[in-house]
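Residue numbers (our numbering), protein chains in the order written: chain A, 1 to 445; chain B, 1001 to 1086.
Treat the hints with care, since some could be wrong.
[Said to hold, decoys possible] Just the calculated beta-carbon pair ranges, DEER-fashion:
| # | chain 1 | residue 1 | chain 2 | residue 2 | range |
| --- | --- | --- | --- | --- | --- |
| 1 | A | 25 | B | 1015 | 36 to 44 angstroms |
| 2 | B | 1073 | A | 376 | 29 to 37 angstroms |
| 3 | B | 1073 | A | 365 | 41 to 49 angstroms |
| 4 | B | 1005 | A | 311 | 51 to 59 angstroms |
| 5 | A | 78 | B | 1009 | 24 to 32 angstroms |
| 6 | B | 1015 | A | 325 | 55 to 63 angstroms |
It is worth saying that the hints were derived from the structure and are not from the lab. Just so it is clear, the structure is predicted and the values come from calculations on it, not from any experiment. Every residue, glycine too, gets a C-beta built ideally from N, C-alpha and C.
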Amino acid sequence: MWIKQASAELRRDPLLLILAGSILLVRLLYLVSYPFHIEGDGETYYALLQDSHAHLLHATGYIFFSLPIRLLASGLGTETANLLPYFQQAFSAASVVVLYLALKRVIPRWISFLVCLPLGIDAQMVAAAGTSRPEFLQADILMLLVSSAVFGLTSGRRREKTIFYLGAGVLGMAGYLTKYNFLPMLAFSVVPLFDAGLRWKPRFHSLVGAALGALALFAIFLSTFHYPTTGSIQLNLEHGWIHLLKLKEADIPILPENGLATRKYIVLSELLPPMAAGPAPWKKINEIPESIRAPFRQKWSGLLATNNPKEVDDALAALPQRRPDYRHPDVLTPIYCFLGLREGEKLLRDVFLEGLRRFPERYLANVRATFVRSAAFSESYMPYLPVPGVYQPSPHFSWARPGFSPRVPAFTNPSIGPSPRRKIWRRWLFRFGIPGHGFFPFSLF
Amino acid sequence: MLAGFVVAPFLIRRHRRVPPVEMLLMLASAALVGEMGFAALLFVFRSKELILCQPLIYLMMGLSVALWVEFVSVRRPPSPHVRDAA
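Make a model of the complete structure from these sequences and hints.
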């Protein structure tokens, strides 16, 4: 039945066939040309997927939704990284096709085609689905969320509307769990409120249905995955890291004059054992055993809890301030590690707020500048392409190699960094134009 | 991308309600501005955020083109496929 409907749709709409064929062709070319990119945070995500583990630093919806692929890989006796690239590209391609089907219900078909074709073959979008990072999934979920909202708006039957709006709620939550900066996209989940085809009461019913769907997914995620593996009902305990990076961005210094919490932070960061920043302490709430934390907590819990400025000032006066920059992640990590994640979050939030209160004009100027700068999308545009042969090989080498293209040397790499866009584009076009670097010795490039 | 907002008020007036295309354009722009603002308040807008926003950018361009096409073809009755699907 479903196959009959799909083939009838294809006969009616040749643009659909051209769209799906073009997107699949480009993505297939990408798959034979590039290895699966596992690097940086991507390595953490991949390790978490292999362990079926959530995290308190990274949002782990991507891990949760990829678990069936890991189980399938396990059943087939292969590495998950051998299946992920194909599933991810297929899911991305399918999301664009669904968006096309939705959009053509409200705008002319040719415009819908012209929107979805470049979106489906966009170098940045294709490359994003070739990594073990969650951003591609966010974009795909957004496309499905918009599609679900449009299908709901344009459906004639009440039952269909209810189902699509419920889907929009579930997809909104799926996007949020995949990465928390999805929050503004939830605007599309409130579409039922604007549905002129419904009276006000059914609109609210649909919205409540969407919210219940979202809550159900959240409850499943929390009870079956996040809480059992992290021991925390809080999704993230790493805001302090971002807060301090923002202070650095805004050129707000961490000075004793900022406030009491800042002085406590300076004292603790000078006296706790140094350690390099990394995601390890955030794997679960008690990743650092209590036996290690207990002596530090015993010694410093009084200082953390006190509201007595003299006590803090005395501690501050007794030690030299050696750190050139207290906003570096290496400085804040020992606080989270040795005193606890929740304790670190509370202290760092207060440090952030004190910085804002002392230098509000710097913060606001930075927010304004960042907002204006972010509107220049071309400056953020960066196809994140792995470059074989340039970086050091890693144990992920054999996992990432496409099985049917044995001559392609596949490497993970630390980070390409923001190479000049023109150069990246030339490289990209060059490889596709050949087509695909896999058919030629990589030393040429 | 934003060109649709030039003609949207006229089309809303013509339809005496907010049709789906205009509403989607408003929601997409709200989501995009929200994302840019969210990133600016908490950190910076990076390529990671752009990957998320990419569908919105293409969507807004397409919706704007569709609104202009409808606006300039004012004398032609709107296609049932396009307008009255809702």
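To see whether the hints hold, each was checked on the structure:
no., hint, verdict
1, A:25 to B:1015: 36 to 44 angstroms, "holds (40 angstroms)"
2, B:1073 to A:376: 29 to 37 angstroms, "holds (33 angstroms)"
3, B:1073 to A:365: 41 to 49 angstroms, "holds (46 angstroms)"
4, B:1005 to A:311: 51 to 59 angstroms, "holds (57 angstroms)"
5, A:78 to B:1009: 24 to 32 angstroms, "violated (57 angstroms)"
6, B:1015 to A:325: 55 to 63 angstroms, "holds (57 angstroms)"
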